[in-house]
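6 protein chains.
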Amino acid sequence: MSEGIAHYQVGETFDDFLLITSATKSIASNGKPFLALLLRDGTGEIDARLWAAKKEDETLFKKGVIVKVNGEIGQFRNKPQLKIHHIRQAQEGDNVEVKQFVEKAPVSVEWLEEQIKEFMFEMMNANLQRLTRYFVKEYHEELFAYPAATRNHHNYVSGLAHHIVTMLRLAREIAGIYPEVDKDLLYAGIIAHDLGKIRELSDPDSPTYTTEGRLLGHISMMVEEVEKAAKELQIEGEEVMALKHLVLSHHGKNEWGSPKTPHIREAEILHYIDMLDSRIQMMNNALQKTKPGTFTERIYPLEQRSFYKPAFHSE
Amino acid sequence: MSEGIAHYQVGETFDDFLLITSATKSIASNGKPFLALLLRDGTGEIDARLWAAKKEDETLFKKGVIVKVNGEIGQFRNKPQLKIHHIRQAQEGDNVEVKQFVEKAPVSVEWLEEQIKEFMFEMMNANLQRLTRYFVKEYHEELFAYPAATRNHHNYVSGLAHHIVTMLRLAREIAGIYPEVDKDLLYAGIIAHDLGKIRELSDPDSPTYTTEGRLLGHISMMVEEVEKAAKELQIEGEEVMALKHLVLSHHGKNEWGSPKTPHIREAEILHYIDMLDSRIQMMNNALQKTKPGTFTERIYPLEQRSFYKPAFHSE
Amino acid sequence: MSEGIAHYQVGETFDDFLLITSATKSIASNGKPFLALLLRDGTGEIDARLWAAKKEDETLFKKGVIVKVNGEIGQFRNKPQLKIHHIRQAQEGDNVEVKQFVEKAPVSVEWLEEQIKEFMFEMMNANLQRLTRYFVKEYHEELFAYPAATRNHHNYVSGLAHHIVTMLRLAREIAGIYPEVDKDLLYAGIIAHDLGKIRELSDPDSPTYTTEGRLLGHISMMVEEVEKAAKELQIEGEEVMALKHLVLSHHGKNEWGSPKTPHIREAEILHYIDMLDSRIQMMNNALQKTKPGTFTERIYPLEQRSFYKPAFHSE
Amino acid sequence: MSEGIAHYQVGETFDDFLLITSATKSIASNGKPFLALLLRDGTGEIDARLWAAKKEDETLFKKGVIVKVNGEIGQFRNKPQLKIHHIRQAQEGDNVEVKQFVEKAPVSVEWLEEQIKEFMFEMMNANLQRLTRYFVKEYHEELFAYPAATRNHHNYVSGLAHHIVTMLRLAREIAGIYPEVDKDLLYAGIIAHDLGKIRELSDPDSPTYTTEGRLLGHISMMVEEVEKAAKELQIEGEEVMALKHLVLSHHGKNEWGSPKTPHIREAEILHYIDMLDSRIQMMNNALQKTKPGTFTERIYPLEQRSFYKPAFHSE
Amino acid sequence: MSEGIAHYQVGETFDDFLLITSATKSIASNGKPFLALLLRDGTGEIDARLWAAKKEDETLFKKGVIVKVNGEIGQFRNKPQLKIHHIRQAQEGDNVEVKQFVEKAPVSVEWLEEQIKEFMFEMMNANLQRLTRYFVKEYHEELFAYPAATRNHHNYVSGLAHHIVTMLRLAREIAGIYPEVDKDLLYAGIIAHDLGKIRELSDPDSPTYTTEGRLLGHISMMVEEVEKAAKELQIEGEEVMALKHLVLSHHGKNEWGSPKTPHIREAEILHYIDMLDSRIQMMNNALQKTKPGTFTERIYPLEQRSFYKPAFHSE
Amino acid sequence: MSEGIAHYQVGETFDDFLLITSATKSIASNGKPFLALLLRDGTGEIDARLWAAKKEDETLFKKGVIVKVNGEIGQFRNKPQLKIHHIRQAQEGDNVEVKQFVEKAPVSVEWLEEQIKEFMFEMMNANLQRLTRYFVKEYHEELFAYPAATRNHHNYVSGLAHHIVTMLRLAREIAGIYPEVDKDLLYAGIIAHDLGKIRELSDPDSPTYTTEGRLLGHISMMVEEVEKAAKELQIEGEEVMALKHLVLSHHGKNEWGSPKTPHIREAEILHYIDMLDSRIQMMNNALQKTKPGTFTERIYPLEQRSFYKPAFHSE
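Residue numbers (the working numbering), protein chains in the order written: chain G, 1 to 315; chain A, 1 to 315; chain C, 1 to 315; chain Y, 1 to 315; chain W, 1 to 315; chain D, 1 to 315.
Some hints here could point you the wrong way.
One copy or two, it doesn't matter: identical chains are merged, so the pair holds either way.
[Claimed, not checked] Using 35 Å as the maximum straight-line C-alpha spacing, the simulated DSBU-like pairs for lysine-lysine come out as follows:
{"no.": "1", "residue 1": "54", "residue 2": "228"}
{"no.": "2", "residue 1": "55", "residue 2": "137"}
{"no.": "3", "residue 1": "309", "residue 2": "79"}
{"no.": "4", "residue 1": "291", "residue 2": "228"}
{"no.": "5", "residue 1": "32", "residue 2": "231"}
{"no.": "6", "residue 1": "289", "residue 2": "253"}
{"no.": "7", "residue 1": "117", "residue 2": "55"}
{"no.": "8", "residue 1": "25", "residue 2": "231"}
{"no.": "9", "residue 1": "231", "residue 2": "289"}
Treat the hints as calculated values from the structure; they're not laboratory data.
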């Protein structure tokens with residue numbers, strides 16, 4: 001395979017395999033039908049147009065299909081667009097499979113599993129540790145496959161576990177600096193807080209919101225899971241209520257979808273750790289694509305700000 | 001008993017039984033101790049001062065105690081205040097009990113029970129009807145005892161059931177005018193929407209917020225109850241998700257504590273019926289104490305507005 | 001005539017009469033001129049393109065003209081678009097007229113008139129009844145022709161009267177449940193509240209905002225009408241002031257264009273009845289076009305929410 | 001008479017005539033009745049306490065009565081308070097009358113009348129000039145007696161006319177700098193904009209809000225007056241609509257009670273001139289009581305800001 | 001030269017010199033490359049398309065180049081667009097230069113210089129006068145060349161000085177009406193308030209934001225300049241602090257980028273004068289292009305309002 | 001000395017030395033003068049009343065004086081209040097001095113100095129290191145004496161340095177987890193961000209806002225200091241601009257007083273570290289005074305929330 005779609009410049013010719021992640025039939029302003037495709041590999045994605053598409057093309061080139069594409073990188077409304085010269089479905093002998101074309105966390109699943117195990121091992125409160133262990137066991141497969149979000153940050157395979165582990169590392173250091181903090185409650189809250197996304201999103205590879213996700217939301221769904229776990233484990237201490245509260249309040253404000261604002265110290269800290277990790281990841285993503293001495297594109301969830309990359313950082 | 005504390009004017013002498021609903025020891029600006037009491041009977045409440053309180057008075061005159069009081073109605077900061085001349089605990093032979101002194105719904109519990117039964121009988125969808133019947137049976141006692149809120153509206157014994165029944169009556173008429181409305185879902189949502197208050201509030205007579213209530217809120221607690229009921233009744237249809245959504249979204253906005261805004265027609269209607277009934281009750285309460293041709297006091301939860309009572313209403 | 005433009009699918013051929021409601025000359029990205037038309041019949045509307053339009057086409061195909069169109073239903077930016085093969089002006093013998101092509105209320109004008117008459121008959125307060133009768137008589141023609149808005153809800157011929165009658169039906173039931181409510185004032189307020197739209201909008205069939213409408217607004221204009229009616233009828237009671245207040249405050253909030261918020265009980269109720277009827281109509285419109293088990297499009301004036309149509313509704 | 005209540009310091013003895021502007025019967029924390037009075041002369045006002053008030057004192061010392069007071073200036077909650085040693089009603093021979101005790105504009109009524117006449121004389125547009133002349137004639141007495149507000153700024157006798165004249169002077173200069181501005185429309189708008197206060201407020205000397213004022217507001221009432229004037233003068237030009245718009249929109253924002261925001265250039269300018277004059281008056285009032293090198297008290301309607309009085313201003 | 005691009009109608013042929021202010025290479029929906037140009041002369045600007053652009057066209061037709069263009073005025077998305085038939089670079093003998101094609105203030109630089117000199121001459125406070133003189137001398141060239149903003153108002157050569165002089169004229173009249181106002185401080189604040197734009201913007205002719213401008217803003221940069229001037233002039237009085245405060249607070253609100261809200265009278269007045277001048281200029285610009293009896297386009301920084309141009313203005 | 005004022009209960013007798021931090025002469029509602037004092041020692045503060053105060057008491061008992069007090073702990077409006085029986089000024093032989101009575105950071109100045117030295121030693125970028133070293137040297141005394149705020153958090157002697165050091169510790173760990181972060185810029189920003197408080201506040205022991213502080217604010221003043229330092233050290237790199245930006249934007253939002261929002265990654269992180277440290281300190285302060293199983297008082301700067309202290313934390 002070539003070095004990946006993200007590294008091509010306008011004017012270059014592309015000739016390699018890509019995964020179709022979206023396919024829409026449209027009609028051009030001159031009245032002719034075409035297929036608007038969104039294609040990707042592990043490095044990024046690109047819009048593409050298959051002009052003068054035939055009836056059978058619609059059947060061949062659907063979401064989820066791997067294709068061999070030959071075309072030229074053009075530009076449309078300031079974004080690169082691939083003008084397709086030739087396209088065909090991948091075949092048996094091509095030796096390509098879907099998982100080669102999706103983005104993955106920059107660390108291995110094994111390392112993530114190992115980390116979460118270590119953090120759980122640090123916990124002293126039996127009730128919180130048992131609840132946490134229950135979640136990690138019960139949702140093991142999804143936890144290490146799902147993204148943390150459909151876009152913006154940690155929106156890749158294992159993104160959920162990667163987000164959790166980074167937050168746990170921040171929590172460990174914060175608890176080291178402020179010994180009053182209940183590390184066990186904070187760890188349990190971090191591991192649980194976004195697990196509801198497993199029900200809110202359809203699948204790990206090209207996640208969309210489920211009906212249940214849109215009507216109930218991951219926060220409410222996870223509170224139910226905590227209740228279910230507590231019942232099965234026959235845990236009745238105040239820890240169950242506290243953990244539910246951490247899940248409920250982790251968005252920090254009513255306006256951001258938490259029915260309760262944080263009213264336990266560790267809930268407040270959990271919210272800030274969540275903000276820190278997601279914001280740093282978004283800034284890092286944008287800055288990595290930016291030349292020193294210039295600004296990033298506007299980052300929508302960071303209040304549409306652009307960030308400057310100082311030249312002296314590179315010294 | 002006399003006609004009730006609410007009907008006394010400044011300058012009159014009061015001599016009857018009252019219930020202490022709050023008692024605080026304070027020190028006057030001249031340095032002398034006194035007891036600040038909040039006293040009530042079925043018609044209303046009044047602030048009172050027991051000047052030059054002795055040590056033993058603190059033990060005698062506590063929250064929940066019925067007292068015989070003799071004193072004069074004065075005024076302090078524009079509010080009536082009872083200056084106590086003589087006070088004693090009620091005794092055996094006085095034949096008074098606490099339930100005589102609390103405010104009750106203006107309709108009987110029997111009528112409320114009958115009404116709810118009728119509305120449930122109208123329901124056609126078996127799943128929603130079974131869920132609703134489960135709640136009414138499971139929480140029967142509290143449902144007909146609890147207030148709908150600690151203050152502002154329906155804050156009296158059976159207030160919760162009174163609020164529900166009035167909302168159901170509104171729902172029946174609205175569904176009559178708009179036949180597209182799913183009456184069953186709307187009825188089920190109305191009956192369930194505030195039942196979580198049974199766990200959010202400590203008790204029906206002088207309710208305060210429980211710790212669980214402050215940390216989780218009646219909305220999240222009620223979603224758990226719906227889940228529990230569905231499990232026990234082995235109901236798995238989409239009705240369970242829809243009913244949870246109606247409960248979750250009934251405050252209408254994220255800022256008002258709903259983690260999801262209404263995304264089902266009946267959820268939106270439920271929110272407006274809830275607003276209508278609570279707002280009309282608050283206006284009626286205030287207007288009833290107001291002379292035609294004048295304005296009510298400011299009503300805090302109605303954006304601090306005063307309402308004018310036209311003179312011609314009385315024609 | 002065929003079954004109406006709203007029932008055609010992409011790919012089908014259309015061949016029938018339509019009314020031009022908007023016509024704009026444009027230049028395609030390949031530099032060639034075309035006419036962008038908006039065409040409608042009683043069932044709905046569709047965008048259309050007349051490619052390679054000639055000079056005389058601009059004169060023939062203007063707003064308000066009925067045309068016979070032959071073409072194919074295509075799609076552009078996810079919306080259906082009619083690609084015109086052949087188009088001509090309607091002729092004498094075609095037997096079509098404009099009123100066949102505009103949307104009308106789902107009930108007859110006669111029924112609406114009858115209803116309003118009945119509601120007025122219920123009124124007991126002579127001043128309010130006379131004022132109301134004056135309005136219905138004075139603006140009779142427009143009242144039963146105008147829409148209640150240019151878009152979103154009740155935006156069809158007789159929409160204003162349809163909105164008023166439905167609100168009156170809600171008011172009757174609400175007043176039945178809360179006997180304290182002054183039904184006469186509420187009825188009068190409902191009938192008057194939006195009548196200013198008759199001056200705010202240019203005409204009933206394809207209404208646009210008048211200059212006066214944009215500078216003064218229907219609320220202020222209607223207050224003037226109440227004053228004028230009171231003068232002509234020589235009514236001097238407090239009812240005039242109260243009715244003006246209901247008109248002034250019916251948007252409920254300063255931010256929504258009411259110079260005063262509701263300060264009379266019936267004003268507050270009027271605002272909520274207005275919200276209920278307009279919101280239910282918008283949800284019903286959207287849900288009617290939606291399959292069970294899916295979500296509607298985002299509804300802009302409902303805070304851009306989509307609504308879910310449960311599958312079990314159809315049982 | 002002495003130099004006026006505003007010039008007394010804490011600890012000094014006061015012995016002179018004052019006007020009672022408010023009288024409230026209260027009960028002290030030691031249980032004894034007292035009268036809380038608000039007293040004023042032309043220089044300012046002071047709170048006063050008549051301890052151990054007798055029954056007949058309530059009848060003697062009411063709002064609107066002039067009294068001879070002897071007492072000492074004390075302090076209560078950081079505000080001066082007059083402790084009354086001796087008080088009596090003014091008598092025939094005292095030669096005092098109410099108008100000596102109210103605050104008046106710093107310019108004479110004659111000068112204000114002269115000014116307004118001159119500005120009207122400058123107007124060229126006959127319709128606007130006739131409308132303006134009508135208002136000045138029709139409401140002549142009130143225009144030169146009413147305050148512009150009950151508190152904050154221009155809250156003194158003739159305050160309304162003083163506010164109008166200062167705004168007209170600003171308008172003349174602004175129109176001189178921007179020749180595109182329609183001076184006639186701006187003058188007419190300034191003279192009309194707050195005239196509705198004549199109906200909104202009860203009387204010029206100790207104004208309170210009328211019922212009509214609270215339910216309709218001076219903006220809507222003045223629009224009616226413009227309509228009435230136009231009818232009587234048989235003026236039908238666009239000037240009537242424009243003048244109504246200037247009145248309607250002069251608060252500048254919906255949130256501030258204007259049902260329409262400014263949509264005519266002169267309406268926008270009118271709003272800013274109104275802001276400038278009221279804000280400068282409030283700052284001047286506060287700064288005049290402040291020593292150089294210190295800050296004023298917080299001014300509530302100026303977003304609760306305090307203003308610094310530089311020392312070098314006094315050079 | 002012809003009368004200028006702003007005066008051409010759709011359908012007319014244009015044949016004259018224009019300056020390229022922006023040039024972007026794009027690909028049409030039919031896959032062919034074209035150049036999207038923004039062209040201007042002293043009267044206004046127009047979008048243009050050079051279809052079927054060749055490789056060398058990109059080098060010839062760049063930002064800053066003057067071209068001779070022959071083409072036809074078409075329309076695209078309701079805006080005029082020039083379809084280029086023929087285009088060439090301007091040559092020696094054409095006798096055109098860039099400064100003929102940029103917009104300039106409607107008054108001469110000499111007059112602006114004269115005015116500022118006069119206003120400085122009026123100042124009595126030596127410290128403020130010396131600081132002001134320093135700025136005018138130090139930044140003389142830029143002050144009379146820079147625009148006051150990149151768009152919306154005073155966005156032309158010498159716009160900054162034009163804005164300052166108009167504000168000074170308003171200040172002089174306001175200080176005449178309110179003698180308490182410190183005219184010297186107000187003048188100094190007006191001259192200084194926007195000078196930081198000289199560092200915030202790249203250059204006077206086609207200004208963009210500098211990196212420093214985006215990270216620090218003209219407000220903070222100007223405070224530094226005041227400090228630097230005070231140091232060099234060895235001025236230590238309170239005037240330096242006051243002047244910095246006027247600069248800091250001139251946006252009026254924290255939300256609008258002022259780290260402090262106005263806390264000196266002249267700071268508050270400066271903010272309102274700034275608002276008045278910028279708002280009147282924007283309204284005048286829009287109204288000048290509008291026919292009497294119609295509305296302007298929406299003006300984005302005026303809360304997206306359109307303004308009505310009354311017909312009687314023209315009388 | 002006794003164990004400190006913070007440990008006394010209502011009803012107990014206090015007899016020890018305290019520092020007067022505020023003294024106000026007032027008049028009781030019975031007309032008698034008294035002194036309202038605010039007294040403190042190293043453990044906390046208490047309101048006190050000296051009833052029947054004599055003229056000379058005002059001279060003896062002023063802010064800053066140490067007194068020997070004998071009295072009884074009472075309660076007024078739910079807060080403890082000391083009723084003074086006997087009071088005298090401290091004398092020579094009492095061996096008490098002011099610094100014994102002020103609150104101090106829970107760590108030593110030496111340790112704070114050592115820490116800051118270490119963090120500076122870690123820095124690699126010469127420009128940032130030199131700037132930082134300059135600040136620490138230039139403001140050495142104040143840096144280790146001033147509080148970080150006048151109330152809410154780190155409002156004690158050395159609070160500023162304590163806040164800085166804790167933030168640096170957080171920064172070190174965060175930079176360890178995200179290697180992309182420029183640790184040097186973040187350290188420099190943390191050390192500089194609040195140094196302007198040295199000019200904003202009057203003195204370290206009982207700080208009030210200076211005039212300059214109220215008019216310019218610590219943010220703008222610190223930007224000037226960075227400029228001054230850069231000039232003196234002849235540093236011209238982009239680091240100066242970046243450091244100014246971190247100072248300017250550290251409040252995170254315009255509404256919170258930052259004229260620019262963060263537009264450099266380290267500025268965003270600095271803002272979050274500042275929030276984390278101040279919020280955790282406020283929660284810890286409140287929770288420390290709270291029994292397990294109960295809620296803290298409302299914490300005003302934490303959006304008025306109360307925090308629950310779980311019982312299981314104590315395990």
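Outcome of the hint check:
1. 54 x 228: neither (52 Å within a copy, 53 Å between copies)
2. 55 x 137: neither (47 Å within a copy, 60 Å between copies)
3. 309 x 79: within (21 Å within a copy, 37 Å between copies)
4. 291 x 228: between (50 Å within a copy, 30 Å between copies)
5. 32 x 231: Classified as neither; 61 Å inside a copy, 55 Å across copies.
6. 289 x 253: For residue 289 and residue 253, both the intra-copy (32 Å) and inter-copy (26 Å) Cα distances are at most 35 Å.
7. 117 x 55: neither (53 Å within a copy, 59 Å between copies)
8. 25 x 231: Answer is neither; intra-copy 50 Å and inter-copy 44 Å both fail.
9. 231 x 289: between (48 Å within a copy, 34 Å between copies)
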